[in-house]
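*Asks:* Here the structure of chain B is known, so what remains is to put chain X in place on it, guided by the hints.
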Amino acid sequence: MSRFLRSLALSVVLSLSAWSSALAQEAGGTLNLIVQPEPPTLNVGVNRLGPTTYVGNKIYEGLLTYSADLKPVPRLAESWTVSDDGLVYTFNLRRNVKWHDGQAFTAKDVVFSFEKFLPALQARSRLNLAEVKEIAAPDDHTVVFTLKAPFPAFIFVHNTAVLPAHLYEGVTDFRNAEANTKFVGTGPFKFAEWNKGSFIHLVKNPDYWGDGKPYLDDIFFHVIPDANSRAIAFETGQVDVLRAGDVENFDIRRLAELDGVELTEAGWEVLQPVGYIHLNNRHKPLDDVRVRQAIAHAIDRQFIIDTIFAGFGHETNGPLSRLSRFKDTAAETKYEYDPAKANALLDEAGLKPDANGVRFAVKLVPLPYGELWQRQAEYTREALAAVGIKVELVAADVPGWFKRLTSFDYDLGQNFVYTTADPAVGISYAYTTVEGDNAGTTGGNVNGYSNPEVDRLLVEAGHENDAEKRKALYSQAQKIISAEVPLIWTHDIVFPTLYRGKVRNLITTGFGTDENFADVWLAK
Amino acid sequence: MAGPREILSRNPGAAVGTALLAAILFLAVFADLLYPGDPWRMATRPNLPPFSPGYLLGTDMLGRDLAAGIAHGARVTLLIAVAVTGLAVAFGVAVGAVAGYFGGRVDDVAMRFTEFFQTIPSFLLTVVIVAIVAPSLTSIILAIALVSWPQIARLVRAEVLSLASKDFVSAARVGGLSTPRIIWSHVLPNVLSPVIVAASLMTATVILIESGISFLGLGNRAFVSWGYLLGTGRTAFRVNWWLSTIPGVAIFLTVLSLNLVGDGLNDWLNPRSSGRSKRG
Chain B
1 MSRFLRSLAL
11 SVVLSLSAWS
21 SALAQEAGGT
31 LNLIVQPEPP
41 TLNVGVNRLG
51 PTTYVGNKIY
61 EGLLTYSADL
71 KPVPRLAESW
81 TVSDDGLVYT
91 FNLRRNVKWH
101 DGQAFTAKDV
111 VFSFEKFLPA
121 LQARSRLNLA
131 EVKEIAAPDD
141 HTVVFTLKAP
151 FPAFIFVHNT
161 AVLPAHLYEG
171 VTDFRNAEAN
181 TKFVGTGPFK
191 FAEWNKGSFI
201 HLVKNPDYWG
211 DGKPYLDDIF
221 FHVIPDANSR
231 AIAFETGQVD
241 VLRAGDVENF
251 DIRRLAELDG
261 VELTEAGWEV
271 LQPVGYIHLN
281 NRHKPLDDVR
291 VRQAIAHAID
301 RQFIIDTIFA
311 GFGHETNGPL
321 SRLSRFKDTA
331 AETKYEYDPA
341 KANALLDEAG
351 LKPDANGVRF
361 AVKLVPLPYG
371 ELWQRQAEYT
381 REALAAVGIK
391 VELVAADVPG
401 WFKRLTSFDY
411 DLGQNFVYTT
421 ADPAVGISYA
431 YTTVEGDNAG
441 TTGGNVNGYS
451 NPEVDRLLVE
461 AGHENDAEKR
471 KALYSQAQKI
481 ISAEVPLIWT
491 HDIVFPTLYR
501 GKVRNLITTG
511 FGTDENFADV
521 WLAK
Chain X
1 MAGPREILSR
11 NPGAAVGTAL
21 LAAILFLAVF
31 ADLLYPGDPW
41 RMATRPNLPP
51 FSPGYLLGTD
61 MLGRDLAAGI
71 AHGARVTLLI
81 AVAVTGLAVA
91 FGVAVGAVAG
101 YFGGRVDDVA
111 MRFTEFFQTI
121 PSFLLTVVIV
131 AIVAPSLTSI
141 ILAIALVSWP
151 QIARLVRAEV
161 LSLASKDFVS
171 AARVGGLSTP
181 RIIWSHVLPN
191 VLSPVIVAAS
201 LMTATVILIE
211 SGISFLGLGN
221 RAFVSWGYLL
231 GTGRTAFRVN
241 WWLSTIPGVA
251 IFLTVLSLNL
261 VGDGLNDWLN
271 PRSSGRSKRG
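Sequence order for the protein chains is B and X. Going by the numbering used here, the final residue of the first sequence carries number 524, and the count climbs one at a time with no gaps. Going by the numbering used here, the final residue of the second sequence carries number 280, and the count climbs one at a time with no gaps.
One side only, chain X facing chain B, incomplete, derived with CB under 10 Å: (1) D38; (2) P46; (3) M61; (4) L62; (5) G63; (6) R64; (7) P135; (8) L218; (9) R221; (10) A222; (11) R234; (12) T235; (13) A236; (14) R238; (15) N240.
Label-pair distances were calculated between CB atoms; the ranges are: (16) L125/X <-> E348/B: 50 to 60 Å; (17) F116/X <-> S407/B: 37 to 47 Å; (18) P53/X <-> G440/B: 49 to 59 Å; (19) E484/B <-> A134/X: 28 to 38 Å; (20) G357/B <-> R45/X: 19 to 29 Å.
For the record, the hints were derived by calculation from the structure and aren't laboratory data. Even glycine gets a Cβ: it sits at the ideal position worked out from N, Cα and C.
The shape of chain B in the complex, shown without the other chains:
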């Protein structure tokens, strides 16, 4: 019962602190944001891309959210317990929660979401469900997950949105269900209007379960397709917040200097983004570990961070982000920028330069997410040319890029991945052997890397209930993966957020701007 008491105490402390800080808050006002690019839907149960979760997480909520130091924070679950053997997770749900259409939120919704809806649409939810033996609802306000084996990452999968079961009665095709576009959630904001190509308007949910929350009257998400226009919209005060990706990094430095503008790097503790250049380990000569190491030594990653990403980012030599509890830099191999060493490794691998100084040629598929990734691709081409690797850039749009990577139809490919709060959920599948020619998603093992020892370590670490043993297993895995460089970790990404000083409590948890904004308020 000690875990139960601890979590109970924690939730009391958290609610007390929330209450005391609530005294200073002022209600009212409109928050203006940018959503870039325009999302295909606002239903985070259907789609989990960045723009969808940014807007949708204000409408839909999960059982838990996570603080910046990765402690679970109550949301739709008021409290929870984990049995000492790590097998039974019991969630006690809030009793005064209503869906936006007035129906009561109950345990039925939770069971429906985790058992039926989410696994039907989300690969990651299917993987999570595979760990579960049974989901039970003993009463309307309790949900019990019983796992097949201990899976400590399970506490980190409950930020996932819960969907209203009553709207899906009799529905079998969840992907195309009519209810998907009704955007009915339990969150602090309700869907009001979507003027395609122009804005998305959310209004305050007066029946929200959090007392006195939300503080804002409404939120506008503006759709502004041009990066320069987005920067100007922020400069002129038309929008109050800019997220990374809304404007290029060099503009962030400039805008941060403006009066009354704040910059924060917080709010990425849960997602933990890392930049990648995938290497197709199934293609020759990239199957040779010496060649992959040579590429790691040939690229000046500090240049990428300092010059291309305007100093936002940190060097990393392994699969985990600096924000991960399991990051073990001592276990990693350090790949300093050293073209001479790269040349020596390539010579050793038997790849002699021809008359034009070319050892071999590869194709690089850049990440089609804005200018900086294109600059990084151009830099990579020049850096690798210097050690005799000829790189051809293959322009691709987002679906083309996705298809090439997931079907192993590339040599080098840029990407960035959310490595998330727990490696068992975030990165295990990125280094686990894939059979066949379909890696599933770009977060999967598109490198085609395969090491039975790593496979074993990742499975074992994922199901180890003892925290110390678990850490040791992940250190072993990091040691092997870092030494064998199945891909180049270009940088541990920093995604800064810019906001006007009048916006308060913008980032309160490890989810940053993907939070529900119930706590955000505007100073007059």
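*Replies:* Only chain X this time, still in chain B's reference frame:
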């Protein structure tokens, strides 16, 4: 007909245009000598402003010399412009001459075919073609040529139509010359001057279309072109204004010089059509 030297002194615009065009051609031809090596090479510190020592036009965010990009870009841009114009003129003249000379049903078919291409917005069609076919130098040239020839074809047809009934053509026909020979040596030489003027103006349009394609990021990434430099510099405009401004000025000057030269050619080859060249 006045000599070229006389035209240039009478039409200072043409003189300026010719000088500018000569300078740009010089840059394109000697790009390798002026700026040896790959223009994509990261030569020095990033984001140097113009007039930095050794880097006249400054550098971009990767430390690439913008002047080298402009010089090598001139080569790619002009190569595409000349190749497209050559192709479009050859095809346009052929279609226009046949349509105008034979008239009747041949003319109908040829003109409907021409109109088919004229009714589609040319820039959009080019973008669609380049986006579908992989963007290579050849595909870009062919795509722009495909939308450029109709205006030449219509011009040539109109000229040939009026020439075909002239006495000297009838005389050639009576003299027993073959039809291709009549078209080639009696009709076309008389069409040449308006075609040259139209071609010089078309070259300018082609440069704008190619820049537009590269600006949108659809160009071939193996080559630096002005449109590419303009497009990539644009996002950083508030930080490094010169990265987009200088390629823009280069495009502007080239298009302007081609227009001025076209104007001058018109004066020279076609004195009656220009008000300025009328002498009392």
